[in-house]
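Enquirer: For chain A, the structure is supplied; the task is to place chain B with the ligands on it using the hints.
As given, the protein sequences belong to chains A and B, one line each in that order.
Residue numbering for the first sequence follows my numbering, starting at 1 and increasing by one per position.
Residue numbering for the second sequence follows my numbering, starting at 348 and increasing by one per position.
Keep in mind that the hints were calculated from the coordinates and are not lab data.
Every residue, glycine too, gets a C-beta built ideally from N, C-alpha and C.
Fair warning: there could be bad hints in the mix.
[Claimed, not checked] Okay, the calculated bits of chain A under chain B, using three or more residues with CB under 8 Å as the criterion:
(1) 108-116
(2) 324-337
[What the hints assert, rightly or not] Which bits of chain A does chain B cover? Going by a derived footprint, with three or more residues having C-beta under 8 Å, they are:
(3) 122-130
(4) 174-181
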Amino acid sequence: MTKKSAKLSAKEVKSKQTAKMTATEVKRYLKVYRQMLFFRRFEERVHIAYTQGKFSGFCHLHIGQEAVCAGVQAALRDSDYVISAYRSHTQAIAKGIPAVQVMAEMFGKATGCCRGKGGSMHMFSAERRFFGGHGIVGGQVPLAIGMAFKINYRQEDDIVVCYLGDAAINQGQVLEALNMAAIWDLPVLFIVENNRYGMGTDIKRTTAIKHIYQRAQGFGVAAADMDGMNVRTVLKQTAAIVKRMRQDKKPYLLEALTYRYRGHSVSDPANYRPEGELQEFQQLDPLIQLRDDLLAVGVEAEQLQADVDAVKTELRVIEKQADAAELAPVAAIYEDVLVAIDGHEEH
Amino acid sequence: MTVPTQATKISIREALRQAMCEEMRRDADIFLLGEEVAEYDGAYKVSKGMLKEFGARRVVDAPISEAGFAGLGIGAAMAGLRPIIEMMTWNFGIQAFDQIINHAAKVRYMSGGQFKVPLVLRGPNGVAHMLGATHSQYIEPFLAHVPGLVVVAVSTPYDAKGLLKAAIRDDNPVIFLESEFMYGDTGEVPDAEYLLPLGKGMVVREGTDATVVAWGKMLKLVLRAADVLGDDVSLEIINPMTLQPLDTQLLVASVNKTHRLLVVEEAPAFAAIGAEIAAQIQERCFDELDAPVARVSAKHLPVPYADHLERATLPSVEEVVAAVRQLLYMDTQA
Ligand SMILES: Cc1ncc(C[n+]2csc(CCOP(=O)(O)OP(=O)(O)O)c2C)c(N)n1
Ligand SMILES: [Mg+2]
Chain A
1 MTKKSAKLSA KEVKSKQTAK MTATEVKRYL KVYRQMLFFR RFEERVHIAY
51 TQGKFSGFCH LHIGQEAVCA GVQAALRDSD YVISAYRSHT QAIAKGIPAV
101 QVMAEMFGKA TGCCRGKGGS MHMFSAERRF FGGHGIVGGQ VPLAIGMAFK
151 INYRQEDDIV VCYLGDAAIN QGQVLEALNM AAIWDLPVLF IVENNRYGMG
201 TDIKRTTAIK HIYQRAQGFG VAAADMDGMN VRTVLKQTAA IVKRMRQDKK
251 PYLLEALTYR YRGHSVSDPA NYRPEGELQE FQQLDPLIQL RDDLLAVGVE
301 AEQLQADVDA VKTELRVIEK QADAAELAPV AAIYEDVLVA IDGHEEH
Chain B
348 MTVPTQATKI SIREALRQAM CEEMRRDADI FLLGEEVAEY DGAYKVSKGM
398 LKEFGARRVV DAPISEAGFA GLGIGAAMAG LRPIIEMMTW NFGIQAFDQI
448 INHAAKVRYM SGGQFKVPLV LRGPNGVAHM LGATHSQYIE PFLAHVPGLV
498 VVAVSTPYDA KGLLKAAIRD DNPVIFLESE FMYGDTGEVP DAEYLLPLGK
548 GMVVREGTDA TVVAWGKMLK LVLRAADVLG DDVSLEIINP MTLQPLDTQL
598 LVASVNKTHR LLVVEEAPAF AAIGAEIAAQ IQERCFDELD APVARVSAKH
648 LPVPYADHLE RATLPSVEEV VAAVRQLLYM DTQA
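The shape of chain B in the complex, shown without the other chains:
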């Protein structure tokens, strides 16, 4: 990943806010609506100060009616506005799945292309810490499954800003996945304006021995595992950034080089993104693979509350290290 020289270290929270503010200054049709986004400055303070800058017409506090205001966003988008709808967390966004699946994803197709839905639905996704099962869910496997949606996952301040700006400018309904646990993460972000294209992944680190795919919090986990593995192993680490439509070409090119693939994801593996990647890679790279595609994921459980139970459920650095060693037959060859 190359970041231009003129850059400033900021948090993901700040990167997302900058993306929204820059876009809202550029285009008066963009507004932000969600629970607590205005006067409270956002449940996770992502929209801090935005009410002051843009006023109550464009930064709107909504009642606790996720299905209702997701639908409002869809209708407003069909009528010509470009809404950003914040879900306090995606656990609550599940209330809006009817609107997202039955309406946002469908009206363009069912109308024979007459309507478009330029809408961003954004908010934290995945497990935070000790919130119990209702507040610790991953929605990307559900929604990446639905034709008619774009699904984007944020991993760093750099991709958060570039992807959110691109999502706001895109004419499709975009499901934009953040994390409560990552809002404070910092990283370099270019001072000059930039956008990251949707539908394109990024090689985070080049390598030759195995390809590891991860997004969101799992990208950090993989980078830590790579540190543990040290110079013995050359991992090519890929952040797909957009999960639907997936940059399969980038994955195929990498696997054709490394001949091995590990997917690390925070959701349980069954019918999740890793399963799809594994299927696509075996279809396209069967003769290139030197080992079965490996997956590290959460256990197939509602996420338990207690700290030690939660940790036992989620992917760990140790599991990733072990999976890489197994993928490279490191222990059997010794």
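Only chain A is shown next, with the shape it has when bound in the complex:
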């Protein structure tokens, strides 16, 4: 029998934030609220579009994990790098790829951020320094240390954020990359989104330790966990780490304790979860928590409702544009396999 580690309950995840917010914080969190709302509704629309047959293939939604995406991104500056796995529609948007390009990419359109060659799992933007969207579990992690190697090589002071899942922590190349990040002081902030499952497998069945972040410490990488359901906690904790990283130039691994509301992909009904688990985490819903905090400091409910309506309208327009865009041209399928080599046509 496999040895099972204990799983963290929602109660153990919950962090405390002060009731008070400064005026600047209120302004900031209003923006974050709107963004998380946009992410939630975006993914819901994507799901509907999928069931309507607007696209096919694998589609992994980030619903429930919005606080990690919004909070981490808010702690970064524009020139920082982000790389992720396949559950990354909203991370791509957070990094600045227009949402319409992300949706159009899923729909196989010419206006998609990768011109229809990447798809749901493979969003990229060189301009926005979003280095993918990677479909091989753990495969993006060695790339992240390469990006950080470049930062050090050129003596720059950006950092790389590398998202990975809890189940990716058992991939050999992830551990290789952690070790190299440690020996060469590569400024990568590894964010392990511990949503408790790798597909249908409970993390406690595949990972003997209860706290994933402790594994990084074994490699000499500083690490901690954080409440990934509370965006204020995420932002504050990440900002402090990023600040420290810009000075000490060392890697850091942050285990974001979060929860995946939906199945692994849209075709997974997630029947394997113990009863009540989802509801337990929904008590910590990042949108509701922030909403309550904003209301508590005197933000008007109407103002937040206005966001809800605005996001709805915005998304309707985005989906219309993505629908209306031209399909990616078949004539371009041979483009960009290789940078042209003399005497060899792209085809």
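Expert: Then chain B with the ligands, alone, in the frame of chain A:
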């Protein structure tokens, strides 16, 4: 093959080192990273002295993590550097096939052309001697199969230097194949700077009776076989140099002249480069062929250890001679 008059005789090892050093002096974004490349001067001493010249920032000893540091090279290349990653041998580079196939070969395409991966992954490939099956493999059939990669094989000091310089300047991921057994081979290399274009083969020796294609160690084998066959047979010997993308035009032109083709390769024949060349030539030169395309290759085996068993597995001069005689129907006509 014409080499300019001002030339010096050097080894392949030296040619590769010269290529890396010249390019690294020219472009500060190039660095060399791999196991034992710095303080130990390279497992096969290809990078000897480079740490001293370029320092630890640009000549970097890596832990034994082939997948990890191949991926590091890909990420660094995507971010704007031009890494040279040394695989101690390509047998160990197989650990990095996920990174090479799933990432190096894919990110340009999947990103719709937004990223390029100017990366050279180089190291010895093929059979050395009495190392057993895990240390005696040929990776060109695997990787030439993958869209998005360039695959280059080294045969002489001249092509080693010219091709490596071109590979370093190319904006694609280049799989660069050397051989432990050939690092000591010497030959003339021009003193003046030169590059050999990727994607282009070279006629090593002109001839009229049959075309023989070979690269790496097999080129030497073919040249020895040609000596055995003597003046009776006029072989046109072609070194394709780049296996992906292959210089099919050069092969077609040669076969249209000689009407016969033999491919000699060190890997087992099944689904290997020779099979691809044979298919392409029959598609394009069917009416020109006076005999079926012939192949000499390794037996379909994990390479055995013992000297005599290893020799029995690999292509030999005798097999090449016999294959040429058969291709020309020399024994049946007598
Ligand atoms: C190397 C590899 N093995 C298996 C898969 C199939 N697969 C896709 S996602 C996944 C689970 C990964 O879970 P986790 O890392 O926790 O990320 P999450 O899906 O929870 O975001 C698996 C097994 C894959 N894509 N790549
Ligand atoms: Mg998971």
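Enquirer: If you test the structure against every hint from before, which numbers come out violated?
Expert: none
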